[in-house]
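Fit chains B, C and D to the supplied structure of chain A, relying on the hints for placement.
There are 4 protein chains.
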Amino acid sequence: MNQVRPQAQPALGEEIEARYAATRALTEALVAPLSDADATIQSMEDASPAKWHLAHTTWFWETFLLRDRLDGYRLYDEDWPFVFNSYYEAEGERIARFSRGMLSRPTLDEIRAWRAHVDAAMAPLFAREELAPLIELGISHEQQHQELLLTDIKHGLFQNPLGAAMWDRRPAAARPQDEGWHEHPGGIARIGHQADGFAFDNEGPAHRVLLEPFALSSRLVTNGEWAEFIADGGYETASLWLSDGWAWVRENAISAPLYWRDDENFTHCGWHKRDADAPVTHISYYEADAFATWAGHRLPTEFEWEAIARGQDGQAQAHDPYGGNQLDDAGPPLPRGGEGLFGDCWQFTRSAYLPYPRFRPAAGAVGEYNGKFMSGQFVLKGASCATARGHSRASYRNFFYPHQRWQFTGLRLAKDI
Amino acid sequence: MNQVRPQAQPALGEEIEARYAATRALTEALVAPLSDADATIQSMEDASPAKWHLAHTTWFWETFLLRDRLDGYRLYDEDWPFVFNSYYEAEGERIARFSRGMLSRPTLDEIRAWRAHVDAAMAPLFAREELAPLIELGISHEQQHQELLLTDIKHGLFQNPLGAAMWDRRPAAARPQDEGWHEHPGGIARIGHQADGFAFDNEGPAHRVLLEPFALSSRLVTNGEWAEFIADGGYETASLWLSDGWAWVRENAISAPLYWRDDENFTHCGWHKRDADAPVTHISYYEADAFATWAGHRLPTEFEWEAIARGQDGQAQAHDPYGGNQLDDAGPPLPRGGEGLFGDCWQFTRSAYLPYPRFRPAAGAVGEYNGKFMSGQFVLKGASCATARGHSRASYRNFFYPHQRWQFTGLRLAKDI
Amino acid sequence: MNQVRPQAQPALGEEIEARYAATRALTEALVAPLSDADATIQSMEDASPAKWHLAHTTWFWETFLLRDRLDGYRLYDEDWPFVFNSYYEAEGERIARFSRGMLSRPTLDEIRAWRAHVDAAMAPLFAREELAPLIELGISHEQQHQELLLTDIKHGLFQNPLGAAMWDRRPAAARPQDEGWHEHPGGIARIGHQADGFAFDNEGPAHRVLLEPFALSSRLVTNGEWAEFIADGGYETASLWLSDGWAWVRENAISAPLYWRDDENFTHCGWHKRDADAPVTHISYYEADAFATWAGHRLPTEFEWEAIARGQDGQAQAHDPYGGNQLDDAGPPLPRGGEGLFGDCWQFTRSAYLPYPRFRPAAGAVGEYNGKFMSGQFVLKGASCATARGHSRASYRNFFYPHQRWQFTGLRLAKDI
Amino acid sequence: MNQVRPQAQPALGEEIEARYAATRALTEALVAPLSDADATIQSMEDASPAKWHLAHTTWFWETFLLRDRLDGYRLYDEDWPFVFNSYYEAEGERIARFSRGMLSRPTLDEIRAWRAHVDAAMAPLFAREELAPLIELGISHEQQHQELLLTDIKHGLFQNPLGAAMWDRRPAAARPQDEGWHEHPGGIARIGHQADGFAFDNEGPAHRVLLEPFALSSRLVTNGEWAEFIADGGYETASLWLSDGWAWVRENAISAPLYWRDDENFTHCGWHKRDADAPVTHISYYEADAFATWAGHRLPTEFEWEAIARGQDGQAQAHDPYGGNQLDDAGPPLPRGGEGLFGDCWQFTRSAYLPYPRFRPAAGAVGEYNGKFMSGQFVLKGASCATARGHSRASYRNFFYPHQRWQFTGLRLAKDI
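Residue numbers (the UniProt record's numbering), protein chains in the order written: chain A, 1 to 417; chain B, 1 to 417; chain C, 1 to 417; chain D, 1 to 417.
FYI, nobody ran anything at the bench for these hints, they're computed from the structure.
Keep in mind that a hint or two might mislead.
Same chains, same names: a pair is fine if it fits in one copy or spans any two.
To be verified - Below, computed lysine to any residue pairings styled on SDA-like, alpha-carbon distance capped at 20 Å:
1. Lys273 - Thr107
2. Lys273 - Asn160
3. Lys372 - Arg298
4. Lys372 - Asn160
5. Lys372 - Gln404
6. Lys372 - Ser239
7. Lys415 - Ser218
8. Lys415 - Arg298
9. Lys415 - Gln177
10. Lys273 - Arg336
11. Lys372 - Gly233
12. Lys415 - His207
13. Lys372 - Arg94
14. Lys415 - Gly204
In isolation and in its complexed conformation, chain A is listed as follows (with noise of 0.2 Å):
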């Protein structure tokens, strides 16, 4: 990666590999402090093994590159794509999601050694332009599943009632932030990726939206307000509530957000006292919902949080403009709050995941990224402190479904103006 190269045309396949290599080492690093055994577990069917997501990006980078793209590469293991392919049913049958946990063969070095075999074999690639696409797909799929290892290996580890933790450090203090709203006068505002670079397909085509006047706070709601409609009965007033968020509080006994426990939260540092100053993190859609109804306010639609973001000229920046609290190495992601759109948490918005106007799936297996999901989800702007630095942007459209909380998700309120 760092040998003098004297012509010009190179250069995107260098900085590819680049990103590419740096992707890849995150990866590693992140589970780096996780034994065999803790890389195996699987708390839930929405969770996977920390084993599993290192094995299942390297299955991307072996299938959709090396396999379907190179001369005569052989699969590692014919029998490993069955049980590390996710949801693609073009690529076949695969082993039932929740049985993921039973894999503690192939064992994490195994594993370390198909990733080291694959990152060989992919070093011919990145020269070729015509690849860049879907390299540049790969490697931001291996970041979002870096953020689902860590959100679902900090859920693993939380059943355990022994406190288990992944790193020994303590969460620095939160800047306490002060209220004030972002204003937009309405009209037509541009939304979806229109830039050059990479994004996903979900994010567009670029359109034009039909927006009222509104403001959007700029900051995100902290644990103190949280206790605060918690001691106000939140968790007990049916009137705040959605209808299916109400038969979810009362089925699942649900009276504060995951990871809570008297003054303490649960972190991938183990429990520690909780930051009244810090975002609040973990909550479902339904909740942050009910928390808006209880203030007063509303969350905003996934378009009004865009056209913030991307301010007065419309043109936001590629890549996360204001700054944040996100990943960028190996270390415990900790919301500690900020003042940018982008960091901390994911912030739910009131729209629901569904296809941007002329939006078509690409063809082939790779259709089946996003589109096959448009129903029953909601999308969330922004970024959390477990997304790797410069994966978000103002277009990008997380989402998820409104009971789910095992993600860093927090909200920013919205009002009409």
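Here is chains B, C and D on its own, set in the frame of chain A:
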């Protein structure tokens, strides 16, 4: 209704009283073919017994009009609100939804007596102008339950392996329709209820939406076309389906619309040979979406549908300007095809059921009518053969979960142009 | 029955015809207070609608007597066996058990007409001596369903929050009983049906069992004693319970017998103040066992119970020699305490329901009557206030799963001596 | 253990200490082929991770011997009892059973260190004669968990579609056995533990039982015979099955014993060709009963089995007099057929697992060992290839629910004579 009216003033009160009376009478006419036992069964949690619909609509009048607005009114039976409240949290605890089928008491005749009692007690209220909006709501509410009553009893009779029928009539043959497209140039469209007259709170506020150019089919998808979809392996081809839809197909071994068996359909008149020219009905959102994908088109948004319904000048007539096949007496609802956008079946849109900009639910218990259901459901437009004529309009938003299909649900294709 | 009989021979046929007629009449008298709707509801998978019991008992006669033994008999309705067969695999497919509550058709009157038709058709069969055993089986079968009909409709009416009652009568006060013990010196006891007269196949073959010395209480445990058990924390003390029982208590939040509410019990006559002197009923095996442990005693084995019932000479009278409170007309079954071993409630034994030595089920479909249920259930002895008088006997083996308690189940303590 | 001992007296202490050491060593040898990840997975609620078995057996010693009987002993880790208590209610709350698979921490090595610590701490207790019964219980307890460890890890590895194996060995061919019958003339038999030496409380009190004449097969049913049962439609013939068994077959689509696939069986050594002469294993009670019915025979009672095992004089040797194929080192347990009644597989009896006359559980937490499981289960006799040699005896009563089959369970036929 047709009588001569010399005086100007009493018109509003009389007109509304007449519609009240007609609505109440139609509800009772619908259950005339049912025995007490027929009216008692509950086939699934989504459905309610016919008897319960009769009672619940009466509870609505007794609670929100008589109890709350008529001095000195005493409840007919103080224990009945517990069993006949549907989902109004503000009205207190109530019987578990899936226990409604245990109500062999009160009898159908006892409920009819209650209805008569309430109808008599309502007399003085029609002249009070300030109550008109609430009475309009009650009439629309009862019309909605007329439709549910019909679809619920159909589902109940369907459970009976002996082929129970409610009416003894042979369905008329459907009229074949030519393919055609309503084209729309895109641009800003006015959406939502904006005229005089009653509308549910979820139909407003009126606002503007920016549309891309599109076309909406002039006709509904038919049983014959659906048979082609099946013959072409539609239910076995994962790539046509949303991910949740595919899981639903597999878990429930779905291979046809509800009420299909060999070359017959179950109807309120028992099993009858399926009519290839009739609109397909009793499909889920997942099926509608998969069919549209298979057909190379897509579902419309609720905004596109409404824009076509409103026509050139954007001024839809208050009620179903396109005629069509809707409920106007107590005969069996049977889809047989029609030329308008309204009637035969509700049409799935790809729009999630969410609040319009600046939407606020009404204060009090009736505020629970619509707003709290705004997650996880999809909007359907139009009206069905089980919808009371005059009930629907261009701004009407029906909504169901994507797996539900016991309503008369169908689809009308859309495409980008 | 009371007519003069000069000839000796025809006596058997006449006697059995009279019992047939009386049994059929009692079944119909039991449902006289029920509406068609009452007779249609099914409150849980274990229970069946009253209407279904009326029909199923008739199906039994039509299938095994008329269809199989009467030349030229044609089924009343060829589709009905599918819905009114209970569990006879040899008789083909049938409606799912928990769909019986969807049978609003045929109506109660239609089933009564079928009953009359079958009763008339049966006339020529009583004189055929070779059919007597099968007719006896049919009578006993219908008596069993009389009891199930009563316990099932009780459970159904109980679901109604309005406190529906089947009879309008006030339960008589129970007679207090003194504690006493029937002692037995142990040794070899004759067990099983050994006299003339009908018995189910599971009551034989008669055989010998070796007993240790023991004593059996002369009376049933009462509601008053059960209240002491509750007051002493019986339902919160794990050490009193079988492991499966404790799991059942916790999962279902059990804290009292079925049909208890404050100081009232639900009966066929509605809610009434609980009588402390009456035998406790509607308890599960788990509860019976926990109570016995708490009381410092134990449950008897089925052999101990039968040995006491047979008395000194080992020759129990054919039918319930001890009198007691059993069903002999169509009044409400109400436990009020009695001196015999039979009546008021079935009494749990600690014996699993298993085959006696050399047991073989009968050939053909009626061989499915008892044998195939010999796993996972416990034997109950005696009879209840809902058991037709004359139905039970010392060798009678009733059986239920350890969690079931919608029957009139109670307990009689035993101890080692 | 190997030190010179001049005195005669300490013999008992030495002998028991040697068995303690051998048992503890065998447990650890069994897990030697497993990685920490292998030892962490839990494949179903019935099974526990290998790691958990290692820890739970150690918890037993630490709790009931060291904590309760050794002055001044302090718990190795005060939080561990919460996670390593199995089901002893008297020992307080504990982790949910199906969360044991989340224990990636403590590591396998940390648990081994705990084992060593406890082993060292136990040293002074062996000489205390009054503790011998409790130590014997602890040894037998750990032997039971050796067997569970083996069957649980087999079930865990079986989930892995990659065919994970624990040992790399080829199963030896089974020895074909001729059919023969052990006949018994009936009469009074002595049942239950009556000699010196350790036995579980559920094996007593010794008592007499009256038997009818019968014969017990001299050999186990084989895979080859089971294949005939399948070929003859055994799994599709309702009349062969208990009612609960037939429901289980249909709901779970059962068509062969567990671990059968085509002509192979899954073993601790991976997938291997099935040996027709080897005893069939991994069947449920329902299957055993259906096979016996199909074969025209029946299952023995536990009393019949024991009477044959005790032989002519009624004096069974303390431990498995018939030799056979049992666990005596840390090799893979593989059924290969043998001549004795013990070994290869546990043999289902038709006896429900119930208390013997005058049975009383021990006082305190160890009283929960057996008694509280006496409902819903069936007794199995003999021993399996995964049972530690010396662990079983004629009076031994193993017990499982009728649907369970992940143990080495098989059958030996009986018949009336």
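Each hint tested on the structure:
1. Lys273 - Thr107: neither (35 Å within a copy, 27 Å between copies)
2. Lys273 - Asn160: This pair counts as within: shortest intra-copy Cα distance 18 Å, inter-copy 40 Å.
3. Lys372 - Arg298: Result: close only across copies, 14 Å inter versus 28 Å intra.
4. Lys372 - Asn160: Neither: 34 Å inside a chain and 28 Å across chains, both beyond 20 Å.
5. Lys372 - Gln404: both (18 Å within a copy, 19 Å between copies)
6. Lys372 - Ser239: Between copies, since 9 Å is at most 20 Å while 33 Å is not.
7. Lys415 - Ser218: within (12 Å within a copy, 39 Å between copies)
8. Lys415 - Arg298: within (6 Å within a copy, 33 Å between copies)
9. Lys415 - Gln177: within (19 Å within a copy, 47 Å between copies)
10. Lys273 - Arg336: Within one copy only: 13 Å inside a chain, 59 Å across chains, cut-off 20 Å.
11. Lys372 - Gly233: between (38 Å within a copy, 18 Å between copies)
12. Lys415 - His207: Between copies, since 17 Å is at most 20 Å while 24 Å is not.
13. Lys372 - Arg94: Within. Shortest intra-copy distance 18 Å satisfies the 20 Å Cα cut-off; inter-copy 38 Å does not.
14. Lys415 - Gly204: Result: close only across copies, 17 Å inter versus 26 Å intra.
In terms of the numbered hints stated before, the structure departs from hints 1, 4, listed from lowest to highest.
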